[in-house]
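Chemist: Numbering (our numbering) for the sequence shown: -1 to 86.
Just so you know, the hints here were simulated from the structure itself, not pulled from any lab data. There is no bait here: all hints are sound.
FRET-style restraints, in silico, Cβ to Cβ: (1) Ser76 <-> Cys52: 16 to 24 Å; (2) Ser76 <-> Glu54: 16 to 24 Å; (3) Ile37 <-> Leu10: 34 to 42 Å; (4) Phe61 <-> Leu36: 18 to 26 Å; (5) Asn28 <-> Glu54: 21 to 29 Å; (6) Phe61 <-> Thr16: 22 to 30 Å; (7) Tyr42 <-> Ser14: 20 to 28 Å; (8) Thr16 <-> Asp74: 26 to 34 Å; (9) Glu40 <-> Asp19: 17 to 25 Å; (10) Ala51 <-> Pro79: 18 to 26 Å; (11) His13 <-> Ser76: 31 to 39 Å; (12) Leu10 <-> Glu40: 36 to 44 Å.
Even glycine gets a Cβ: it sits at the ideal position worked out from N, Cα and C.
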Amino acid sequence: MSCEESEVNQFLPKHSQTMLDKLNQQRLSNQFCDITLLIEGEEYRAHKAVLAACSEYFNELFFEKGAATTHEAVVDLSGKPLAFYGLF
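Please work from the sequences and hints to get the whole structure.
Modeler: In structure tokens, the structure reads:
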């Protein structure tokens, strides 16, 4: 195995966690956030791609209903438990 292949194999086991950590850092610093979730009067910035990947509700909302092209959208989630949206 070449040195390059060895480096790749050592990196891949942590890749998914590293990617999630970076996405969360971006969210916390409001980088690349493209949606605001409104929950009981509180605003939370988020990434549509992450929400759609982990929630069928958001996947349908953003993709199947055409909201994927809406820039800087606000979605009001007040009144329903977050479990409804598949987030927890």
